[in-house]
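Chemist: Each chain, written out:
2 protein chains.
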Amino acid sequence: MSRKIEAPTVEILVIGNELLSGTTLDTNSHWLTKEVTQLGFIVKRKITIRDELDVISQTFKQMIGRRPGWIFSLGGLGPTFDDMTLRGLANALGRKMELNETAAKMLKERYRARSLLYGRKYARVTKASLKMATLPAGAIPLRNTRGSAPGVLIHHDGVRLISLPGVPREMKAIFREQVRPLLQSTPLRNERLERWLYVEGVTESRLAPKIDKTVKKYGERVYVKSHPFGFKKGKSVLKLQIIADSVNASGSKKLLDEVAERLTKSVSSLGGSAKWMKR
Amino acid sequence: MSRKIEAPTVEILVIGNELLSGTTLDTNSHWLTKEVTQLGFIVKRKITIRDELDVISQTFKQMIGRRPGWIFSLGGLGPTFDDMTLRGLANALGRKMELNETAAKMLKERYRARSLLYGRKYARVTKASLKMATLPAGAIPLRNTRGSAPGVLIHHDGVRLISLPGVPREMKAIFREQVRPLLQSTPLRNERLERWLYVEGVTESRLAPKIDKTVKKYGERVYVKSHPFGFKKGKSVLKLQIIADSVNASGSKKLLDEVAERLTKSVSSLGGSAKWMKR
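So the protein sequences, as listed, match chains Z and U.
With this note's numbering applied, the first sequence has no gaps in its numbers, which climb one by one up to 279 at the end.
With this note's numbering applied, the second sequence has no gaps in its numbers, which climb one by one up to 279 at the end.
Misleading hints may appear alongside valid ones.
Which copy is meant is left open, so a pair is good if it fits within one copy or across any two.
Straight-line alpha carbon distances no greater than 25 Å define the calculated PhoX-like cross-link-like pairs of lysine-lysine that follow [what the hints assert, rightly or not]: (1) Lys121 - Lys217; (2) Lys44 - Lys217; (3) Lys210 - Lys121; (4) Lys232 - Lys108.
None of these hints come from the bench; they were simulated from the model.
Because the structure is a prediction, the values reported are computed rather than measured.
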């Protein structure tokens, strides 16, 4: 149990002015974070930037330089002038943009289906729509069953880059249908378990040194976070979140039990009480 | 109207493991983004990282290096071991951490008030609680009327750094009571106006080149984003968001009107229709 867990790491790049003006609440990256965490990956960093080509390309470069296992980008794959994620990515990788035949075929199929429903006017593949099939050289398009712009997968120097559209239903569909199976087939993942303790009668400040000591003892395998909930019936209320990481579930469960026992004793020694809670 | 708008720029650093595991949806930074945008500031970038001292300090350093007008950090000001925002900031600035007398006084007042309500046990200022009054040298504490950890303001090389706690009610109270008046007293701000056009009968791809041309004509002063809403009654539906920036409201309104007229003509020329919409 003493070996360090090298769980696969993820960075997320969120692109779009609307996310930096308070117009749109970014629930996309929250959803993605939850999904990949549940699959045993660890999101190390999330960066939100505007639709500016230089900034996109520099940020991709810096992300690749930190060498996470996976980089996800969200947004900026559409046909309009401000959709510039893939150009930024191509610049960062030193690759050319080129029409991807597979992606073009996906687009044409999608437009044909649309024209059957809504009329021939909608079958036209315009220059602006072909932009969505113009990808960095060597990219693998990921079929979008809910919209036009395909997702994109690129392998680069051991880092896997996945670009998904910003429209939530499209992003989720591509993730579920194409990306999740890929992540599930990754051999080394983290088995993370989480439990919560409900603590009464001890303030966060007084418990802090005890938590500190416990976490230091277990190193990177255990994470404890205290969430203060003010006072109820004259008693300080805290919820303690305990997260344990191990390469298998039984290891994580053993860690959780040990840490919960230690913390329950600490709480008692300070005159409070602790019990498991559902959440 | 041709001079470039140099609106004050903002970067936001969000700190906390819980925001990178899908546990907590980050509504704090969304709220802050909306507030500062409405006050005429432009959020250029938002970065979310884990509670890791080196990462915090490196990220602060990089942010300061980009020289925005303001840097906000959210989270990591509490008493526990994983609250390390201020240590990370002090490292980034090359300043020492020291007990701030004003902050210590704020804490003691807060604890005294708490003990009047809940008993003497809660009046004790422990070592862990004094951590919340230990700030980078030269920092100005910002009173927290809803919790223990004060906010922090630091002037450094022309950049203003503001650290706020992660608990939403505390973050919002400090912003409203202490930070907003500060931002409002900044002389040069941006007067941004926004309106929406409802467009029927033209797809995003076909309209894209026209939008592109309009936006290029107006440069940084105008931003147009098309939001596709699928098909209704056999017609493609788009909502066009037009944002205009100017140093005064009448300039922004004039821009909005001009751009809307151009786009309405473009839509007509493609066989569709456009009208103002409320939103």
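Chemist: If a hint holds in the structure, say so; if it does not, say that too.
Modeler: Hint-by-hint comparison with the structure:
1. Lys121 - Lys217: neither (67 Å within a copy, 29 Å between copies)
2. Lys44 - Lys217: within (22 Å within a copy, 40 Å between copies)
3. Lys210 - Lys121: between (68 Å within a copy, 18 Å between copies)
4. Lys232 - Lys108: between (61 Å within a copy, 22 Å between copies)
In this structure, the one hint that does not hold is number 1.
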